Amino acid sequence: MTALRPRGAALEGTDSTVLVRQPGPQELHPRRTRGRRRALELTLAIGIPVALVGLYQLATSQRWIDPRLYPTLDEMGRNTRDLWNSGQLWDAIYISCKRALIGFLFGAGGGAIVGYLMGASRLLRAALEPTLSMLYTVPKLALLPVFLTIFGFGERAIYVLIAVTVFFFVWISTMAAVMSVAVGYREAASTFGAGRWQMFRHVLLPGALPQVFVGLRIAASVSILVLVGVEFVIGSSGLGYLINQGRNLLLLGQAYVCIVIVAVIGYLFMALVRLIGRLLMPWAPEDNAIGPQ
Amino acid sequence: MKADRLRLTRLGGVVAAAIAVVIGLAACSSSGTGGGGGGPSASPAVIVPVAGCGAAAHTDPTDRSNNRTIARCSSGAPAPQKLLQPHTVVIAGASKGEYSAPVLLGMAKGEFAKENLTVKFVQMPSSDATVQLASGKVDAALAAPYVSFTNGVASGLDLKLTLANYSPQYGGDATKPQSGLWVRRADFADPQKPDLAQLKGKRICNTLGNGTVSVYWMQKAVQAAGISLKDVTWSALQPADCVTALQQGAVSAAYLLDPFWTQIKNQTDKYALAAVQPNEPNGAILYGPNLLEKHRDVGEAFARAYIRTINTYLGPGYHQNATVVNDLAQEIGVEPSAITNGYELKFEWEWRSGILDDIQKTYLELGTQKAAVIPEDKLVDRSFYNQAVGYNGK
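Chains A and E, in that order, give the protein sequences. Straight run, no breaks: the first sequence in my numbering ends on number 293. Straight run, no breaks: the second sequence in my numbering ends on number 394.
Hints in this document: simulated from the structure, not taken from any laboratory. None of the values given here were measured: they were computed from a predicted structure. Be aware that a few hints might be false.
Stretches of chain E that chain A covers, calculated by requiring three or more beta carbons in the stretch to come under 8 Å of a beta carbon on chain A [what the hints assert, rightly or not]: (1) 130-142; (2) 153-161; (3) 203-212; (4) 232-238; (5) 241-251.
FRET-style restraints, in silico, Cβ to Cβ [to be verified]: (6) 330/E to 272/A: 52 to 58 Å; (7) 77/A to 269/E: 52 to 58 Å; (8) 297/E to 59/A: 30 to 36 Å; (9) 335/E to 50/A: 54 to 60 Å; (10) 262/E to 50/A: 51 to 57 Å; (11) 152/A to 88/E: 45 to 51 Å; (12) 123/A to 267/E: 33 to 39 Å.
Idealized CB from N, CA, C, for every residue including glycine.
The task is simple: from the sequences and hints, build the whole structure.
Spelled out as structure tokens, the structure:
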């Protein structure tokens, strides 16, 4: 409870543990305060990458770093234009996004199902967790020759490798999310006679979904990471192939441009997953670390 | 609270101002041009005759015939000229193989030590070696004039090809099973007589795609059949994966290096050798600014030791020298039989004139080289080996 009084003046007869606070701008002008905060957040979110880019341009133009080995922004712009006009850039973006999305969907779907089942069943968890944990630690790119032998050198091996990598991230986060749903909620639902489907639909799913989506966001960026690595190794198309080709042919501008595009795609993919999460979980608190709670 | 609002405003102002300053400085600054590399190499010292290296130590560089003579000196020549101060040379190579014998064997036999040189061999991909070479982090590279080399020189990097590596024993002869362009018979209308024109629209596998040196002689082979390498799709895979891809039918042809081609050499019913490297070197030693200018004497000492190793241990018949084979096998990390199972390589130090023009024209046709054909004197420096064998151009 707030009380208006001059600052520094003691309240007579009040307990010293009572905290008295004057209303601040958040209370007096909430919309204006929110607007200013959002403007600052937006400035920082855009400004910091822009500042880093500006610093890079400064470094190359002032020759703090060798522009023959670190292409200038002008050169990268020319490379982008050339790649776009030749059709290579759009083809690479399309094929890479398609691979990442298909691999992610399969991996996330499988990971969510297995994670839920293992989170809900102690017996299943005991049976599968040791084996899956061991497989999780195997570097997936090391399995690429195995997948190439099994699935051939086409797109299937790439989808499978991405899916397998994503699977483990989503499996772990889903299993942990289901297990972390408070026992009290389950007991309360049981008390009210909830069946299995109702338990899932009204207790476990809404309770676990926020943490599942954290895992999905991480898996989204991991899918891009693995994709680029795979396209390096079995390159004939995609952004990873263009990066590797740029490196091999010493067309460093091409490599840098595609690295930036990969970073942007990774960010957009994570943002898309977060947006879907926000739409599906209106009850969940905003997970933006710098936003007001 | 008012204090909080003031702090937020100040922070926002400081951030915005900092960003504006950086952007402003960046916008106002002029873009650096890709300046030229270092100045021209220092003139070599006066060239004096070298004992053991007579007229046979030099051949006409324009001679690219199949039966040309390879330059040679006597065993042990050119004699070492120990540097006053010890020096370490770092040389990068994609892998350790028989082709790296002049370096690895030279290290093992102490030929570099006689020049007061310590040589460190580091493995890294050729494209990375080019960058490391240009920045001075490595001194030399055992590589080839890939398109990364020509693109690098075109962008102003101070790099030169100074020594050749080897020519194949049966260069230009596709009847002898060896490293080269192998094709799947099943992918051709007449499996017994694969027509390279039918590679149009199909996939070819090699380690670096269309930026490798081998494209120039592959282009000649497919152009003779009426197509171009622009008509094929490239798959860049590791050598072992190229073999697997060929066997699985994922690619119709593959450029297989030593010793990977030996995995299919006995399956002549399924695979055929369609084209091979001509009788001329494709691999080379590249020098960076450290050895071209800063420490030219070290570059000369390295060249001497390299040439002496070839003359002393790697002449014709070296596969019959058990000591050489065993030492080389130990350096590479293979069994001696892995070396003697294949053909001898014809090691040489002289670079043939005209190869780089052919290579660059192919790069330009394939769109991998961005600059026009660079004159050979901007890419090759023959002064190091001429100096080492005492050839003064007369």
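Tested hints:
1. 130-142: holds (count 4)
2. 153-161: Since three or more residues must qualify, the claim that chain A covers the region 153-161 of chain E holds, with 3 doing so at under 8 Å.
3. 203-212: holds (count 4)
4. 232-238: holds (count 6)
5. 241-251: holds (count 6)
6. 330/E to 272/A: 52 to 58 Å: holds (56 Å)
7. 77/A to 269/E: 52 to 58 Å: Between residue 77/A and residue 269/E, where Cβ atoms are some 54 Å apart, the hint holds.
8. 297/E to 59/A: 30 to 36 Å: Given range 30 to 36 Å: holds, Cβ gap about 35 Å.
9. 335/E to 50/A: 54 to 60 Å: holds (58 Å)
10. 262/E to 50/A: 51 to 57 Å: holds (56 Å)
11. 152/A to 88/E: 45 to 51 Å: holds (47 Å)
12. 123/A to 267/E: 33 to 39 Å: violated (52 Å)
Hint compliance for this structure: hint 12 is the single one not met.
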